[in-house]
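S.K.: In case you want the letters, here they are:
2 protein chains.
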Amino acid sequence: MINKLITRIKETNAPIVVGLDPMMKFVPEYIKKAAFTEYGETLEGAAEAIWQYNKGIVDAIYDLVPAVKPQVAMYEQFGIPGMVAFKKTVDYCKEKGLIVIGDIKRGDIGSTSEAYAVGHLGKVQVGSKSYYGFDEDFVTVNPYLGSDGVNPFVKICKEEKKGIFVLVKTSNPSSGEFQDQLVNGRPLYELVGEKVAAWGADCMGDSYSYVGAVVGATYPEQGKVLRKVMPKAFILVPGYGAQGGKGADLVHFFNEDGLGAIINSSRGIIAAYQQEKYAQFGEQNYADASRAAVLDMREDIAQALAAR
Amino acid sequence: MINKLITRIKETNAPIVVGLDPMMKFVPEYIKKAAFTEYGETLEGAAEAIWQYNKGIVDAIYDLVPAVKPQVAMYEQFGIPGMVAFKKTVDYCKEKGLIVIGDIKRGDIGSTSEAYAVGHLGKVQVGSKSYYGFDEDFVTVNPYLGSDGVNPFVKICKEEKKGIFVLVKTSNPSSGEFQDQLVNGRPLYELVGEKVAAWGADCMGDSYSYVGAVVGATYPEQGKVLRKVMPKAFILVPGYGAQGGKGADLVHFFNEDGLGAIINSSRGIIAAYQQEKYAQFGEQNYADASRAAVLDMREDIAQALAAR
Chain A
1 MINKLITRIK ETNAPIVVGL DPMMKFVPEY IKKAAFTEYG ETLEGAAEAI
51 WQYNKGIVDA IYDLVPAVKP QVAMYEQFGI PGMVAFKKTV DYCKEKGLIV
101 IGDIKRGDIG STSEAYAVGH LGKVQVGSKS YYGFDEDFVT VNPYLGSDGV
151 NPFVKICKEE KKGIFVLVKT SNPSSGEFQD QLVNGRPLYE LVGEKVAAWG
201 ADCMGDSYSY VGAVVGATYP EQGKVLRKVM PKAFILVPGY GAQGGKGADL
251 VHFFNEDGLG AIINSSRGII AAYQQEKYAQ FGEQNYADAS RAAVLDMRED
301 IAQALAAR
Chain B
1 MINKLITRIK ETNAPIVVGL DPMMKFVPEY IKKAAFTEYG ETLEGAAEAI
51 WQYNKGIVDA IYDLVPAVKP QVAMYEQFGI PGMVAFKKTV DYCKEKGLIV
101 IGDIKRGDIG STSEAYAVGH LGKVQVGSKS YYGFDEDFVT VNPYLGSDGV
151 NPFVKICKEE KKGIFVLVKT SNPSSGEFQD QLVNGRPLYE LVGEKVAAWG
201 ADCMGDSYSY VGAVVGATYP EQGKVLRKVM PKAFILVPGY GAQGGKGADL
251 VHFFNEDGLG AIINSSRGII AAYQQEKYAQ FGEQNYADAS RAAVLDMRED
301 IAQALAAR
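So the protein lines, in turn, are chains A and B. When we follow this note's numbering, the leftmost residue of the first sequence carries the number 1, and every step to the right adds one. When we follow this note's numbering, the leftmost residue of the second sequence carries the number 1, and every step to the right adds one.
The reader is advised that the hints may include incorrect statements.
Heads up, the list lumps identical chains together, so a pair's fine if it works in one copy or across two of them.
Derived pair list, reagent style EDC-like, types lysine to aspartate or glutamate, alpha-carbon separation capped at 16 Å [to be verified]:
(1) K96 <-> E221
(2) K33 <-> E95
(3) K123 <-> E41
(4) K224 <-> E256
(5) K55 <-> E95
(6) K94 <-> E194
(7) K228 <-> D296
(8) K158 <-> E114
(9) K4 <-> E41
(10) K158 <-> D135
(11) K33 <-> E221
(12) K25 <-> E114
(13) K129 <-> E41
(14) K228 <-> E114
(15) K88 <-> D135
(16) K161 <-> D288
(17) K88 <-> D257
(18) K277 <-> D63
(19) K161 <-> D202
It should be emphasised that the hints constitute simulated quantities derived from the structure, not laboratory data.
The whole structure should be built from the sequences, with the hints applied where relevant.
M.R.: The following block contains the structure:
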């Protein structure tokens, strides 16, 4: 799957992943109205609204980008109907040829971590048969529990030729509270980065590992260091746009080959129509606004990479 | 909810939480057969099997213990039908008067963390109405992303008078890879423990905070230190039984008041019938074996506390 991701990045010339994090305040009123008319103001109604909203965006951008990243929390908050909308979104994106990165940030130990890996990347055994549960292509993983938490994911990645992105240095303001603490003179995130390189060493695609990392766009200097600490890890970079990361900050996350990073934007794309810059599209054409925002982001990144 | 937990611990004289982590290999053959006959060897069949299995155990132990802790990964691996079984289990346990600790180990940032908090502890807004998604009483939270990840849970805990247990020092062998790293001469888990105390300081129940901690039974010396670092945090202690923790190891997790800790056992109770010690019950009476195992565990803990 890492090979496919790289191929699609080259084909689209867009190292971009669109974060499908549908908050209700992003969903156009006409979509909410239709969903509530059909299902009432219920969890099912909310799930229908976010699903229709997602579908519009996916239809508008699927040819421009290699991947999408649905944030499961935004679905999980609507209980079972929300999880059904998550699964529909994953399936639909795959039908459209998109690679799906499930932003699940799961992490546990042993058989429990394996259950998450099985449920999201692999197949679960039921009697003599086996089934995919949610069936994303990649997922994000939290490393706080150490190798016991990550290795079960690596095992399933090898079986399924899928991948993970391990949280190393997250984009949020308080990420330093624990991640930046100095251990023998070096920040903890570097130690986690070294582990990412080790976990990924024996599950390599053609040029990058199945085991990638998450490093926030808001920390470009740390990105520069981590790029060297884990040269074969693809870096998923959140925090572009709404969180303050800029194109020029992103260059350090890429290797000399122009690869090695994929930049996420969520609300900057999916709620583009709510920005002044794209307001002329209007609510009805929210998906066209998203398409325009993807094109602008692609240009921003291309210029930044050309200028380095 | 922390007050209710303490009241129920006193009433039952059992600082015990039963981990409802239903692996298919624990489920008696006759239950699997009935479920597969009705639903086939499908995800629905698996979900029915684990639900019936859970129900039997809950019916056998609900009067003995204050709380249960379903591990969501064991349900999530079966996709949507698994999540439905999780929700049925949560609801049924609450009907039986049990406090439900959702072992979800979620953690993200800002609005995303709030979505998890809303989905599992709080109410989500849908138009003019609001709904509970999964509606546990407590959940476990991963602290790797810092205060940005934990504060949204604390906010919802205050609104709902519910609680969280933050991972501090986990029970697994490799938990030390990051958690034990020395920061200014002290292990990282102590720093996390201090944060737990800070996060919980302004959401106190009568004697303990809404914000608790997870510290593994397999690390009693660390438990002794952490008990002092966060005196008002209730400690959820996994790792008893199957993972090697013993009654005598547990005393350090309790305060002088005999409170402050609740010990989890999962397979040691739910799969007791598969142990030699309880084999005489037989598969058909698996739930009675679970009841006997709870009684033995209660006795083991009471003796350890009496001997200190």
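S.K.: Against each hint, give a clear statement of whether it holds in the structure.
M.R.: Results of checking the hints against the structure:
1. For the homomeric pair K96 and E221, neither the shortest alpha-carbon distance inside one copy (36 Å) nor that between copies (54 Å) is at most 16 Å.
2. Neither within a single protomer nor between protomers do K33 and E95 lie at most 16 Å apart by alpha-carbon distance, with minima of 27 Å and 35 Å respectively.
3. In this homomeric assembly, K123 and E41 come within 16 Å of each other (Cα to Cα) only across copies, at 14 Å, whereas the closest approach inside a single copy is 35 Å.
4. Taking the shortest alpha-carbon separations for K224 and E256, only the intra-copy value of 12 Å comes in at or below 16 Å, while the best inter-copy value is 50 Å.
5. Within a single copy, K55 and E95 get their C-alpha atoms as close as 12 Å, which meets the 16 Å cut-off; across copies the closest is 38 Å, which misses it.
6. Proximity of K94 and E194 under a CA criterion of 16 Å is satisfied in neither setting, with 32 Å inside one chain copy and 44 Å between copies.
7. Taking the shortest alpha-carbon separations for K228 and D296, neither the intra-copy value of 29 Å nor the inter-copy value of 54 Å comes in at or below 16 Å.
8. When the C-alpha separation of K158 and E114 is checked against a cutoff of 16 Å, the pair qualifies only within one copy, where the shortest distance is 13 Å, while the shortest distance between copies is 33 Å.
9. Taking CA atoms no more than 16 Å apart as the test, K4 paired with E41 passes in neither setting, with 40 Å inside one copy and 33 Å between copies.
10. Only within a single protomer do K158 and D135 lie at most 16 Å apart by alpha-carbon distance; the minimum there is 15 Å, versus 36 Å between protomers.
11. When the C-alpha separation of K33 and E221 is checked against a cutoff of 16 Å, the pair qualifies neither within a copy, at 45 Å, nor between copies, at 58 Å.
12. In the homo-oligomer, the alpha carbons of K25 and E114 lie at most 16 Å apart only across protomers (15 Å), although the nearest pairing inside one protomer, at 35 Å, exceeds that limit.
13. When the C-alpha separation of K129 and E41 is checked against a cutoff of 16 Å, the pair qualifies only between copies, where the shortest distance is 7 Å, while the shortest distance within a copy is 38 Å.
14. Taking identical chains as interchangeable, the C-alpha atoms of K228 and E114 are never at most 16 Å apart, the minima being 30 Å within one chain and 34 Å between chains.
15. Only within a single protomer do K88 and D135 lie at most 16 Å apart by alpha-carbon distance; the minimum there is 11 Å, versus 23 Å between protomers.
16. Proximity of K161 to D288 under the C-alpha cut-off of 16 Å is found in neither arrangement, the shortest distances being 34 Å within a copy and 43 Å between copies.
17. Within a single copy, K88 and D257 get their C-alpha atoms no closer than 35 Å, and across copies no closer than 51 Å, so neither meets the 16 Å cut-off.
18. Taking the shortest Cα distances, K277 and D63 never come within 16 Å of each other, neither inside one copy (23 Å) nor across copies (61 Å).
19. Taking the shortest alpha-carbon separations for K161 and D202, only the intra-copy value of 12 Å comes in at or below 16 Å, while the best inter-copy value is 47 Å.
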